[in-house]
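Combine both chains into one complex, guided by the hints.
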Amino acid sequence: MPMGPFGIDPVIWAVLRLVIAVGLAVFLVLNGALAQIFLERKIQAVMQDRIGPYHTGPFGLLQTFADAIKLIGKEDIRARLTDAPFFLAAPAIVFSPMLASFVVLPFGPDFVGANLNVGLLYLTTLGSMTVLGIVIAGWASNNKYSLMGGLRSAGQLISYEVPQILALVTVVLYVGSLSMVDITNSQPGPLVNVLILPMAFVTYLIAALAETNRNPFDLPEAESELVAGFLTEYSGMRWGVFFVAEYGEVTVVSAIMATLWFGGWHGPGVDALPILGVLWFTLKTYMFVLLFMWIRATLPRLRIDQLMGFCWKVLIPLALVNIMATAVLILAFADPRLPLAIVNWILVAALVFGLPFTQRRRLLRFRARTKEHVAMRDVRLAP
Amino acid sequence: MPDYNLSYFYVFAFFLVGAGFVTGLLGLSRFIAPRKPSIEKSRTYESGEEPVGQAWGRYPSHFYIFALLFVVFDVEVIFLFPWAVLFRSLGWSGLIEMAVFILILVVGLFYAWRKQVLRWY
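Going down the list, the protein sequences come from chains A and B.
Those letters in the first sequence? Residues 1 to 383, by my numbering.
Those letters in the second sequence? Residues 1 to 121, by my numbering.
No lab work stands behind these hints: they were computed from the structure.
Ideal Cβ positions, reconstructed from N, Cα and C, are used throughout, including at glycine.
A portion of the hints provided could be inaccurate.
Below, a list of computed lysine-lysine pairs in the BS3-like style, where the Cα atoms sit at most 25 Å apart [stated by the list, open to error]:
#, chain 1, residue 1, chain 2, residue 2
1, A, LYS70, A, LYS42
2, A, LYS313, B, LYS36
3, B, LYS115, A, LYS74
4, B, LYS36, A, LYS371
5, B, LYS36, A, LYS70
6, A, LYS70, B, LYS115
Which residues of chain B face chain A? A partial, calculated answer using Cβ under 7 Å [unchecked claim]:
#, residue
7, ALA19
8, VAL22
9, LEU26
10, SER29
11, PHE31
12, ILE32
13, PRO34
14, SER42
15, PHE70
16, VAL72
17, VAL77
18, PHE79
19, LEU80
20, ALA84
21, PHE87
22, LEU118
Just a sample of chain A residues kept apart from chain B, beta carbon distances all over 10 Å, derived [what the hints assert, rightly or not]:
#, residue
23, ASN31
24, LEU39
25, ALA92
26, LEU191
27, ASN215
28, GLY236
29, MET308
30, LEU363
31, ARG365
This is chain B alone, in the form it adopts within the complex (with noise of 0.2 Å):
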């Protein structure tokens, strides 16, 4: 298919089926199933126990260390992409300066992995 615009037109097609897909097998639900609320079933289940406070609150930030670390890869990655495809015409120049690049980020991996950022408590 030559047209560049169409093939984003069914990419955008297909996210606004899937949403509308799911939509409607809710409406259909929603128009078969029975509706009897109560307040025993609308409390938030923590098997049988009575919930205590919210859980919107404080957790480890060993969740944010990883994101840090997650980010600085996957823009790594993302510069990956465009080398790797034109890897060919680009030769042992794009190789060593793409080399260079990923040292910098493996010094910075064994860094966090020296500093023991990598356990997981």
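Looking at chain A on its own, in the form it has when it is part of the complex (with noise of 0.2 Å):
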């Protein structure tokens, strides 16, 4: 009879195994919620230039968890028209394909819940479950706030689906193979995919901003405009699942970036000592989670028609040259590698100082306005 690791039966150990990944999931879920709300208010409140929560427990520390426990207490109410089932139910389709999410991420050397074959299209569908569960949420609260937000944030999140994949395509056509386990293993050394494949990076990288709702693109809850978008009505913990369903989301679409560009769990000493691969790990995904809070700090919210313009003018077209180049690139060099590096940061090069470019009537006008505010005051203040 084979044996699973450990000594222990094949059987017991795939139910064990299965418990540990779910048990580890909802934690690090959880964990991961807490931590980013904490670090969130801290950078923020420090860009900002105030202090941020410091009264609870030492810098703060527990001022999440003393949030998670009122919530929990508070009264859950419901409006008396909303769409009862509906209503109830979008939490969890919220939620649970974030968690599901978790099931292919390679934590480490061996260390992944399940190493489908289809990885990446696995977490593409699961992605745009959550698109769901928010139009359902707009829609059943039966307000008009709610419905705006939530169909705002359909359109919007649809839009950007199409960049995403997009980008993530043009890794596979590199890499060949959907596995998360295998892209992984394909860039062992400092030679990670970002030097190679940028433009897909900066691509993902913007439609992964719009996918989770985060600024500059969280026009579905943008507060002054629609209270609070399809989240008007909820209230409690039912709001809760919502919240910690996004920062969930923000964690999964970074460790996408960590594993798909910048190696996954490779890093110096994982050879000898393969749980350094978690650190590793970790430490790539909340690079990119400090980085997302770092552009929320930075930059103003769009407006729904930039927003959707910059994605079908400017990121699809750009995405499907970047793929169409990169393919006929892999086919013509034995070793694409460099002649991919070069076009990839000409396009992203392209990217940066073009847009601008075809801005410059509005950048123009505003200069000018702000010249003549500028004189103004001038003319004002001289004695």
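Structural data, given as structure tokens:
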């Protein structure tokens, strides 16, 4: 009879492994949400010259725990006009795909819930299931703000899903596999994919910001125009579940970026001590989480027409060009790495420098107006 | 892990645990939280105004057009994934076929662009 690891019966081991995996995933999601909320508040406070939470526990560390307990103890209010079954089911529809995304994330060598051979496709599928939950939440609330928030969210998420998946396809072209484990194994050295395929990374980063409803793409919950978007009618822990799911979603896209472009769990010392891989993976993932927070503290919110226009007129054409260029170069060269890198960096430069150029008329008008203002102020200030 | 079915069993189990976790959390909340419903509290929230009518009415048709565009491109992406995996063995002929396919869709995108469909009023 074949034996599983640690001399345990394989059947028992499979069940045990499942329990461990699920437990770890739930723990990670909850812990991640607590840690990220704390980090977000602290970092925003530092960037805005404030102190942030500091009363509860050392450095305010226990503040998010207190908030979570408060949320559980809050009355669960449901408006009379809501569509009850869908209103009640929406948090679970948003939450469970997010949790299921954790199955395929490779946290370390041989440390993955299930090595699906369609890993990336699975992740994109689960990513789009979130939209379903949000639209259901918006519609079932029977509130005008919620409906607008839900529909905007649908428009934004399905639009940005296209460049997001196109960026993933570019990496799949280069690596030749959809499995997250194979993609990690393909980049053991310091030459990680981001150096070779930076354009796909930039596309994915922008699309991921939009997919997770983060600034500058947080239009579905734009509090200055839509109260709280699709969350308007939600309160108490039901609202809290949406929040946890949102932070879990950020963790998932950060982990995807770390795996696809930054070598996943690879890092110095992993061969000697495999458990170090988990540390490297976590560090890389949280690097992106912090990047998201930095972007949130820096950029203003876009308008909806700018948002949709940017996706369909800039990102999707560029992503398609990138795919075709990558495919041609891979076939044309035996070792396509250098030409791929050159073309990709040129595309990134084109995006970074070309975008202001397309907006030059608006920019010039803005500059003229500010100059006028300054001139008028000088006249007023003159003695 | 070699067992194919076992992997998908894991996926299924994760979904169940996700739904069960949310139910458990909300159940706990129901157990702890106070319940004092009132007519004022269960009214639809509209920043303190009296809500007029329902929200289930008409909304802009732009969402519909963008959904159509999305369906076109999403189906394209579904074709792209298997092509990308088998790309090296398909070679130039596969690349040319995919280029033709993408070109047709890009023509559609530019048509929509010229027809001002991509503008959000």
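Could you tell me which of the numbered hints above are not met by this structure, giving the numbers in increasing order?
2, 3, 4, 6, 11, 16, 18, 25, 28, 29
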